[in-house]
Structures are given as structure tokens and as C-alpha cells.
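Under the numbering used here, think of the first position of the sequence shown as 13, with each following residue one higher.
Please keep in mind that the hints were generated in silico from the structure rather than gathered at the bench.
Given the structure is predicted, the values throughout are model-derived calculations rather than measurements.
Accuracy of the hints is not assured; some may be wrong.
Said to hold, decoys possible - Calculated pairs, SDA-like style, for lysine to any residue (alpha carbon to alpha carbon, straight line, at most 25 Å):
1. K14 / G38
2. K14 / V33
3. K14 / S27
4. K14 / L30
5. K14 / L34
6. K14 / M29
7. K14 / N36
8. K14 / G31
9. K14 / I32
10. K14 / E37
11. K14 / E40
12. K14 / T24
13. K14 / L26
14. K14 / F39
15. K14 / E28
16. K14 / A25
17. K14 / S35
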Amino acid sequence: MKGRVLVVDDDTALSEMLGIVLSNEGFEP
13 MKGRVLVVDD DTALSEMLGI VLSNEGFEP
């Protein structure tokens, strides 16, 4: 089972980058 993380930030680029990194580590976007 994959873990889930909610990322909330007003900087779109930062949120997208964190989403990519977390996806690569096995978390669901």
C-alpha cells in the first residue's frame, strides 16, 4: 500500500517538484 501526503503551498513550482520527488519515493500524488 502506498502512503499518501497532502502538499499545500501557494508556489505551484514547489508543489509540483515535491509531488515528483514524493512520487519517486513511492507516495501517491
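To see whether the hints hold, each was checked on the structure:
1. K14 / G38: Roughly 6 Å between the alpha carbons, so the hint for K14 and G38 holds.
2. K14 / V33: holds, 14 Å
3. K14 / S27: Within the cut-off at roughly 19 Å; holds.
4. K14 / L30: holds, 16 Å
5. K14 / L34: Holds. K14 to L34 sits at ~11 Å (cutoff 25 Å).
6. K14 / M29: OK: K14 and M29 at ~19 Å, within 25 Å.
7. K14 / N36: holds, 12 Å
8. K14 / G31: Roughly 14 Å between the alpha carbons, so the hint for K14 and G31 holds.
9. K14 / I32: holds, 15 Å
10. K14 / E37: holds, 10 Å
11. K14 / E40: This hinted pair holds, its Cα atoms lying about 6 Å apart.
12. K14 / T24: Status holds; Cα separation ~24 Å.
13. K14 / L26: holds, 22 Å
14. K14 / F39: Cα-Cα ~5 Å, so holds.
15. K14 / E28: Measuring from Cα to Cα gives roughly 19 Å; hence the hint holds.
16. K14 / A25: Roughly 24 Å separates the two Cα atoms, so the pair holds.
17. K14 / S35: holds, 10 Å
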